[in-house]
Amino acid sequence: MADVLTFTDRGIYCPAGDFYIDPWRPVDRALITHGHSDHARWGMNRYLATTGTAPVMRHRLGDITLETTEYGVETRIGDATVSFHPAGHVPGSAQIRVAVKGEVWVVSGDYKTVADGLSEPFEPVPCHAFITECTFGLPIFKWTPQDILARQINDWWAANAAAGRTSILGAYALGKAQRLLTTVNPDIGQILTHGAIENTNAVLRGQGFTLPETTLVTAETTHKTHPGALVLATPSALGTPWARKFGTASTAFASGWMALRGVRRRRAADRGFIVSDHADWEGLNAAIKATGATKVFATHGYTGAFQKWLSSQGYDAHIVSTDYQGEGFDQADEAEA
Amino acid sequence: MKDFAALFTRIDESTKTSVKTAALADYFRTATPEDRLWTIALFTGRRPKRTITATRLREWAAEVAGLPDWLFEESYSIVGDLAETIALVLPPATQSQDHTLTHWISYIKTLTTLEDDARKSGILDAWDSLPHTERFLFTKLLTGGFRIGVSAKLITRALAQATGQPEPELTHKLMGNWTPDTTTWDALIEANDPTVDLSRPYPFYLAYQLDAFDDLGPPANWNAERKWDGIRGQLIIRGGEHHLWSRGEDLMTDRFPELAQLRDYLPDGTVIDGEVLAFADEKPLSFNALQKRIGRKTVPKKLLAEAPVILMAYDLLEHQGADVRDKPLKDRRAALEDLIKDAPVTAPLRLSASVRFQTWDDLRTARDQSRDLGAEGLMLKRLDSPYLAGRKRGDWWKWKIDPLTIDAVMIYAQAGHGRRANLFTDYTFAVRDGNDLVPFTKAYSGLTDKEFREITAWVRKNTLQRFGPVRQVPAEHVFEIAFEGIQASPRHKSGVALRFPRMLRWRRDKPVDEANTLDDLKEMLATYG
Numbered sequence: 022m023a024d025v026l027t028f029t030d031r032g033i034y035c036p037a038g039d040f041y042i043d044p045w046r047p048v049d050r051a052l053i054t055h056g057h058s059d060h061a062r063w064g065m066n067r068y069l070a071t072t073g074t075a076p077v078m079r080h081r082l083g084d085i086t087l088e089t090t091e092y093g094v095e096t097r098i099g100d101a102t103v104s105f106h107p108a109g110h111v112p113g114s115a116q117i118r119v120a121v122k123g124e125v126w127v128v129s130g131d132y133k134t135v136a137d138g139l140s141e142p143f144e145p146v147p148c149h150a151f152i153t154e155c156t157f158g159l160p161i162f163k164w165t166p167q168d169i170l171a172r173q174i175n176d177w178w179a180a181n182a183a184a185g186r187t188s189i190l191g192a193y194a195l196g197k198a199q200r201l202l203t204t205v206n207p208d209i210g211q212i213l214t215h216g217a218i219e220n221t222n223a224v225l226r227g228q229g230f231t232l233p234e235t236t237l238v239t240a241e242t243t244h245k246t247h248p249g250a251l252v253l254a255t256p257s258a259l260g261t262p263w264a265r266k267f268g269t270a271s272t273a274f275a276s277g278w279m280a281l282r283g284v285r286r287r288r289a290a291d292r293g294f295i296v297s298d299h300a301d302w303e304g305l306n307a308a309i310k311a312t313g314a315t316k317v318f319a320t321h322g323y324t325g326a327f328q329k330w331l332s333s334q335g336y337d338a339h340i341v342s343t344d345y346q347g348e349g350f351d352q353a354d355e356a357e358a
Numbered sequence: 141m142k143d144f145a146a147l148f149t150r151i152d153e154s155t156k157t158s159v160k161t162a163a164l165a166d167y168f169r170t171a172t173p174e175d176r177l178w179t180i181a182l183f184t185g186r187r188p189k190r191t192i193t194a195t196r197l198r199e200w201a202a203e204v205a206g207l208p209d210w211l212f213e214e215s216y217s218i219v220g221d222l223a224e225t226i227a228l229v230l231p232p233a234t235q236s237q238d239h240t241l242t243h244w245i246s247y248i249k250t251l252t253t254l255e256d257d258a259r260k261s262g263i264l265d266a267w268d269s270l271p272h273t274e275r276f277l278f279t280k281l282l283t284g285g286f287r288i289g290v291s292a293k294l295i296t297r298a299l300a301q302a303t304g305q306p307e308p309e310l311t312h313k314l315m316g317n318w319t320p321d322t323t324t325w326d327a328l329i330e331a332n333d334p335t336v337d338l339s340r341p342y343p344f345y346l347a348y349q350l351d352a353f354d355d356l357g358p359p360a361n362w363n364a365e366r367k368w369d370g371i372r373g374q375l376i377i378r379g380g381e382h383h384l385w386s387r388g389e390d391l392m393t394d395r396f397p398e399l400a401q402l403r404d405y406l407p408d409g410t411v412i413d414g415e416v417l418a419f420a421d422e423k424p425l426s427f428n429a430l431q432k433r434i435g436r437k438t439v440p441k442k443l444l445a446e447a448p449v450i451l452m453a454y455d456l457l458e459h460q461g462a463d464v465r466d467k468p469l470k471d472r473r474a475a476l477e478d479l480i481k482d483a484p485v486t487a488p489l490r491l492s493a494s495v496r497f498q499t500w501d502d503l504r505t506a507r508d509q510s511r512d513l514g515a516e517g518l519m520l521k522r523l524d525s526p527y528l529a530g531r532k533r534g535d536w537w538k539w540k541i542d543p544l545t546i547d548a549v550m551i552y553a554q555a556g557h558g559r560r561a562n563l564f565t566d567y568t569f570a571v572r573d574g575n576d577l578v579p580f581t582k583a584y585s586g587l588t589d590k591e592f593r594e595i596t597a598w599v600r601k602n603t604l605q606r607f608g609p610v611r612q613v614p615a616e617h618v619f620e621i622a623f624e625g626i627q628a629s630p631r632h633k634s635g636v637a638l639r640f641p642r643m644l645r646w647r648r649d650k651p652v653d654e655a656n657t658l659d660d661l662k663e664m665l666a667t668y669g
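Protein chains in written order, with this note's numbering: chain A, 22 to 358; chain B, 141 to 669.
These aren't lab readings, by the way, just hints derived from the structure by calculation. Just so it is clear, the structure is predicted and the values come from calculations on it, not from any experiment. Cβ coordinates follow ideal geometry from the N, Cα and C atoms, glycine included. A portion of the hints provided could be inaccurate.
[Stated by the list, open to error] Sample of chain A residues lacking proximity to chain B, with all beta carbon distances greater than 12 angstroms (derived):
1) W63
2) E95
3) R97
4) D100
5) T165
6) A171
7) A179
8) T243
9) T261
10) T272
11) G283
12) R286
13) D291
14) G313
15) G325
[Stated by the list, open to error] Here are the computed lysine-lysine pairs in the DSS-like style, where the Cα-Cα straight-line distance is at most 25 angstroms:
16) A/K329 with B/K249
17) A/K245 with B/K156
18) B/K156 with A/K163
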């Protein structure tokens with residue numbers, strides 16, 4: 022049987038339907054798993070994505086030809102049947118299921134298996150072949166449970182507020198920032214936001230997501246106007262003059278990489294919260310198992326080790342080179358967590 | 141160990157010295173005296189004996205975590221720290237035990253007396269009863285090397301805050317070969333007689349590199365002497381015994397047995413700061429000769445004859461049983477000269493002679509002769525300076541000669557450890573030999589964080605082959621390597637070994653075919669080796 026999907030230098034391709042999934046070079050028809058910039062790129066002739074992903078794509082890519090679909094709805098494209106299923110990565114994110122003559126392949130996009138209280142929770146999709154990310158595909162990555170995470174961040178913020186310090190938390194603009202907004206306790210104080218984050222907030226609020234009240238940081242905003250506030254900023258804004266106007270502040274990053282002491286220390290923030298919108302080791306293994314797939318392709322992340330591990334577990338496992346970045350060590354905002 | 145874990149977390153989370161100091165001071169006020177003592181010991185490099193090999197710990201951790209060994213190793217190469225890797229991969233603890241730091245250290249000690257199976261279950265049991273940070277610290281105790289960004293200086297400052305004692309006094313108290321098994325908190329910190337331990341050395345006074353003569357004032361206020369290229373040492377003669385300490389607080393007495401005879405010539409109550417040098421015919425042998433003596437606990441006769449050592453005396457710290465560090469240098473040196481004058485020429489002891497000079501230009505000329513004399517530069521010391529503790533500006537300066545340099549090509553890269561985990565910071569360099577590249581040294585310091593990040597990104601994208609944690613990369617980047625000395629080495633493919641190699645700069649302007657050659661390296665060996 023011919024492969025349902027092939028791997029080309031433009032991206033993942035479906036010959037039966039003549040379309041690409043998350044391509045990184047211009048193509049005629051692109052199916053998009055989610056709105057992060059390494060997956061939803063500019064320059065495609067026409068796009069297909071979920072209704073939940075569409076607003077952020079329009080916001081980021083401008084005037085594009087974009088068709089939308091709902092989760093679970095099957096669409097016929099050429100000889101292929103495609104459908105989108107929740108990936109739990111960010112609001113609207115999807116795995117894409119492609120069926121050709123009874124053979125089913127699923128592209129995971131980026132995903133996480135734990136519910137974050139905001140994104141539509143991940144749903145395992147039975148398939149023959151599963152194309153999975155493995156950004157955190159090593160057994161050293163185990164995420165802090167959501168309730169403990171909430172307590173850690175709130176305790177940090179409350180202690181800073183009590184000491185008259187501003188709390189500056191670095192997080193990616195789409196997904197992570199809004200997840201943190203629904204995690205923190207807004208009774209502790211005011212929440213200020215960096216422009217890039219506030220723009221995304223507006224998009225998501227427009228879609229009906231409920232976020233706590235936030236105030237955009239302007240030229241006039243300082244620790245004097247908003248004492249003890251929590252400032253949500255993009256990671257690259259930390260350590261810049263923009264962040265310095267908040268006086269004596271405590272800084273923190275929220276990322277999966279904060280699980281590693283060396284990385285935490287190198288970023289030289291006061292705190293590192295271990296939180297990611299990618300699956301951890303257990304999550305990846307459980308998700309793959311739940312698909313029932315026998316064939317697995319590992320895309321971005323620790324592909325070498327992960328492929329070897331999957332092979333040792335009896336899977337027909339392969340590595341696929343892609344241009345997806347997952348969550349980078351030292352990249353600032355390009356890659357999203 | 142909860143309070144120790146909390147201390148560790150506070151220190152580890154912060155980048156601010158004031159916060160770290162306050163955390164330590166709080167701990168020194170509240171922890172048990174035993175735990176306080178162990179904390180000082182651990183942070184000053186006095187770790188408990190290694191009782192279980194790292195190999196066994198890796199096997200056991202992989203087994204408990206249900207991981208194949210290769211995956212554990214892969215994880216370790218990413219994390220860069222064995223104890224942290226183990227703490228991360230193990231499943232969550234199913235039991236809970238709360239004991240003091242001292243308890244866990246004794247626990248580890250008792251394991252040594254047990255059979256392998258019992259040791260294993262002892263370790264597994266502890267792993268299964270400690271939450272993440274405590275588990276990491278417990279495993280750190282097993283693997284040794286407690287480097288967590290706390291310097292001896294920070295410890296001393298925190299102790300000063302907690303006890304109200306002056307810092308220099310505490311620095312002195314923390315010196316020497318005490319361990320928590322041989323002393324107590326009261327004896328070490330609270331007692332007020334620092335000479336209670338006859339072997340205890342004084343803190344070494346260290347100099348900064350001289351950058352300009354402008355602020356030095358008249359040359360007549362200064363004493364200049366050679367900066368000898370040996371091992372800085374402190375010779376202590378007290379109570380009929382002698383002890384020789386290195387700057388890193390290693391006791392080296394037994395490695396240099398010929399210095400024992402100095403007991404016959406120097407009176408009790410004498411402490412001399414000097415340089416241990418391999419020395420013959422009134423001049424130093426190469427550092428190479430001394431190198432053979434380093435790391436040997438016992439010395440065969442042949443080596444004693446080939447590379448005899450002396451103490452080249454710089455300064456006198458204790459005279460007739462009294463601490464004379466507060467007296468001016470000229471008085472200390474006068475007393476030192478008197479002591480040495482009486483010793484016969486066969487005694488392995490010399491005074492480091494003053495270099496005569498009228499002007500700074502004279503000194504410049506003298507400095508240029510350093511390499512020929514087997515010295516690595518000059519020392520400038522203000523004649524009225526006291527002997528201070530630690531690295532201080534103002535009274536003492538070192539004026540080293542420029543290092544030797546060579547342009548080399550990077551061919552392998554390896555991730556660093558700790559703070560540099562996942563940055564590729566350890567490189568192997570090669571020189572050209574016809575169409576081949578011959579590796580000749582490794583280096584891992586000298587670049588900025590920004591440069592390391594840039595190279596790391598490049599290595600990730602350009603890996604040709606992996607050998608465990610080592611990545612082979614294309615020979616594209618040239619670096620200027622600085623080093624202090626070069627010697628023949630049959631163990632190395634290139635035939636040479638360098639002393640203190642480090643990266644001076646990234647030569648982005650140099651193509652690979654302009655890097656130095658093996659012949660250049662051999663010529664340097666002939667000239668300076």
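Verification of the supplied hints:
The claim that A/W63 lies off the interface holds: its Cβ sits roughly 23 angstroms from the closest Cβ of chain B, which is beyond the 12 angstroms cut-off. Once the 12 angstroms rule is applied to beta carbons, A/E95 is consistent with being away from chain B; the minimum gap is 39 angstroms. Its beta-carbon lying about 40 angstroms from the closest one in chain B, A/R97 satisfies the requirement of being farther than 12 angstroms from that chain. At roughly 37 angstroms from the closest C-beta of chain B, the C-beta of A/D100 stays outside 12 angstroms, upholding its exclusion from the interface.
Residue placement check: A/T165 does not keep its beta carbon more than 12 angstroms from all beta carbons of chain B (closest about 10 angstroms). At the 12 angstroms boundary, the C-beta of A/A171 stays outside the reach of chain B, the nearest C-beta of that chain being 18 angstroms off. Residue placement check: A/A179 keeps its beta carbon more than 12 angstroms from all beta carbons of chain B (closest about 16 angstroms). Against the 12 angstroms criterion, A/T243 stays outside the reach of chain B, whose nearest CB is about 22 angstroms from its own CB.
Under the 12 angstroms C-beta cut-off, the non-interface status given to A/T261 relative to chain B holds; the minimum distance is some 16 angstroms. Residue-level check failed: A/T272 sits 9 angstroms from the nearest beta carbon of chain B, not beyond 12 angstroms. Here A/G283 does not stay apart from chain B, with its beta-carbon only about 3 angstroms from theirs, under the 12 angstroms limit. Listed as outside the interface, A/R286 is inconsistent with that label: its C-beta sits roughly 5 angstroms from the nearest C-beta of chain B, within the 12 angstroms cut-off.
The Cβ of A/D291 does not lie farther than 12 angstroms from every Cβ of chain B; its closest approach is about 6 angstroms, which violates its non-interface assignment. For A/G313, the condition that its CB be more than 12 angstroms from all CB atoms of chain B holds, with the nearest at approximately 22 angstroms. Residue-level check failed: A/G325 sits 8 angstroms from the nearest beta carbon of chain B, not beyond 12 angstroms. For the hint linking A/K329 to B/K249, the alpha-carbon distance of about 39 angstroms lies beyond 25 angstroms, and the restraint is violated.
Taken as a hint, the A/K245 and B/K156 pair is honoured in the structure, with Cα atoms around 23 angstroms apart against an allowance of 25 angstroms. Proposed proximity of B/K156 and A/K163 is contradicted: the alpha carbons are some 28 angstroms apart, above 25 angstroms.
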